[in-house]
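K.L.:
For this one, chain A is given, so just place chain B on it according to the hints.
Residue numbers (this note's numbering), protein chains in the order written: chain A, 1 to 317; chain B, 318 to 634.
Don't read these hints as lab results, they were simulated from the structure.
Just so you know, not all the hints are guaranteed correct.
Among the chain A residues that face chain B by a calculated CB cut under 7 Å, a handful are [said to hold, decoys possible]:
1) Phe49
2) Ile224
3) Ser227
4) Tyr271
Covered stretches of chain B (chain A as the covering partner; in silico rule of three or more C-beta atoms under 8 Å from a C-beta of chain A) [claimed, not checked]:
5) 431-439
6) 461-471
7) 526-538
8) 622-631
From the three backbone atoms N, C-alpha and C, an ideal C-beta is built for every residue, glycine too.
Number of protein chains: 2
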Amino acid sequence: MITSTFPTLEDIQEAGVRIRHMIHNTPILTCSAIDSLAGCEIFFKCENFQKVGAFKARGAANAVLKLSEKDRKKGVATHSSGNHAAALARAATQAGIPAYIVMPSSAPQIKKKAVQSYGGQITLCEPTLASREATLAQVVNKTGATFIPPFDDIHVIEGQATCALEMWEEHIPFDAIIAPVGGGGLLGGTALTTHYISPNTKVIGAEPEGADDAYRSFQAKKRIPLSTPNSIADGLLTSLGELNFEIIQEFVSDILTVSDREIIEAMRLIYERMKIIVEPSCAVPLAALLKNKEQFHGKKIGIILSGGNVDLSKLPF
Amino acid sequence: MITSTFPTLEDIQEAGVRIRHMIHNTPILTCSAIDSLAGCEIFFKCENFQKVGAFKARGAANAVLKLSEKDRKKGVATHSSGNHAAALARAATQAGIPAYIVMPSSAPQIKKKAVQSYGGQITLCEPTLASREATLAQVVNKTGATFIPPFDDIHVIEGQATCALEMWEEHIPFDAIIAPVGGGGLLGGTALTTHYISPNTKVIGAEPEGADDAYRSFQAKKRIPLSTPNSIADGLLTSLGELNFEIIQEFVSDILTVSDREIIEAMRLIYERMKIIVEPSCAVPLAALLKNKEQFHGKKIGIILSGGNVDLSKLPF
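Bound conformation, chain A alone:
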């Protein structure tokens, strides 16, 4: 059953056309060494090569371009210290409108610089959720900017859904697609697109054990946010959004969890065998596949490599 509030295939296809000039159609890579090890055929969709280094460029671009002419002029705002902040700053700047980014004063200098380099205007806040939300409310109040949330937003989900759309355009008969899950924008979008195009293909979420609210929520059939998530996969520490959880409950087959040790092993395998750079969050789906080999044996599996923004001086190996 498709709730009327979920994006349709047409919505997602239109989003694909809408944002095409602002993003890369990223390549799909394969690696025979990892295939041998995994016992299946893996197709890696390389969003680590995406603009701003992560799939977040898609949702941010779509959200900015979906604004009404009137709202657009006043700009956009968000609170984030991660890839969404950089992605929104870039999308807004490309559209010629301001982006107001609320960041905790404790955010690393390199992340502040990234947002600034994409043209974002930073307002610092205390590193608490209360301060973030209060500061964002002030900024929105003062500027009239539209708040673009990082994942719990229909236009953001539509944008993230275009990643799977590109995968399906390659005409690979995926038996399953595995995506990492944090807030659920990418996993939700992937599940929607895949449901419309190939309903028999399983879409599976992969999550760190230390931030397994999606796994728990999926089992319990109700949202169970985590208060103290802890994992090296720093892009997946957020809890599922409401809309995201609705989509995931409906269209995702399973959520698999992995330990940080398994994440680091998979990350190292990608570095050594594929010679590409991924952030820890990005290695979670491969870790989940390798932990559950028998389930995927001999099959064609799509894996979304979600991003490549990692502090090279702090690699876990």
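P.N.:
Structure of chain B alone, referenced to chain A:
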């Protein structure tokens, strides 16, 4: 003037067809952030994604396949602790013949394992050139295997020349192509192919200051091997081969040198902006370009990223 001993364009094209089933036609990547910084359009030929993680797979494959039926049965041999050893082991195993690899006992365990994983039979020797050569002579004497040198060999050069052949098949009108230079197999092959296909395109060698025998030899118009090279670019410490120097003198426009600091900066730029893994030697051409920006301003430059085999626990940043 083409000396009759140099491979012809037909030789190189035949090599391309001969080895096609054993290697990847590697992708060419671009990066708008690095282009802005450099002030020109750069096309990166990604041999770091090549089989065994380096362009060496090409020359080794061609040398193995060029053996006579009679010689082939007895196998191949070489002394090397680097990418050539792994490449030769893999090519021989694929051809169903033995590969005898002489390696210094001091070689890192990981390199020995790589050679073994490709099916190479290792004979250890003392870590001196004399011991390497004596041990290799013994192995060849005992087995009747054919010695395949890492660069000073016409069939190896022919194989490396297929890399530029693939670049030219993309119909990009390169103003210049920059390749790293160690023994001169890749640079020589690149220069030959480019001379035949686009004689007005400059082919430039890039070399570490601490191992600048190609630069010195090129200036002096005679080979000046180095006795104590020293650079982070550990794949470029060897001195030019004889045949390689002949080709380079004839068809290379210039040799540019860079410091280790400049190599590390370029390497970091490739990691952070392109999200791909390269070994230090591989970053030398970009370092040379960035050091000589004015020379390349507004032009279309091909850069060969030669390999991606790096110890991730020892990154210089």
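K.L.:
With reference to the structure, classify each hint as holding or not holding.
P.N.:
Do the hints match the structure? See the list:
About 6 Å separates the beta-carbon of Phe49 (chain A) from the nearest beta-carbon of chain B, less than 7 Å, and the hint is met. Evaluation of the Ile224 (chain A) hint against chain B yields a violated restraint, the C-beta minimum of about 34 Å exceeding 7 Å. Checking Ser227 (chain A) against chain B: minimum C-beta separation of about 33 Å lies over 7 Å; hint violated. At about 6 Å, the closest approach between the beta carbon of Tyr271 (chain A) and any beta carbon in chain B falls short of 7 Å, and the interface hint on this residue holds.
Counting residues of the stretch 431-439 of chain B whose CB falls under 8 Å from any CB of chain A gives 0; the rule of at least 3 is not met. By the rule of at least three residues with a Cβ nearer than 8 Å to a Cβ of chain A, the coverage given for the stretch 461-471 of chain B is violated, with 0 such residues. Counting residues of the stretch 526-538 of chain B whose CB lies closer than 8 Å to any CB of chain A gives 0, which falls below the minimum of 3, so the coverage claim is violated. Remark: the stretch 622-631 of chain B is confirmed as covered by chain A, as 3 of its residues place a Cβ nearer than 8 Å to a Cβ of that chain, reaching the required three.
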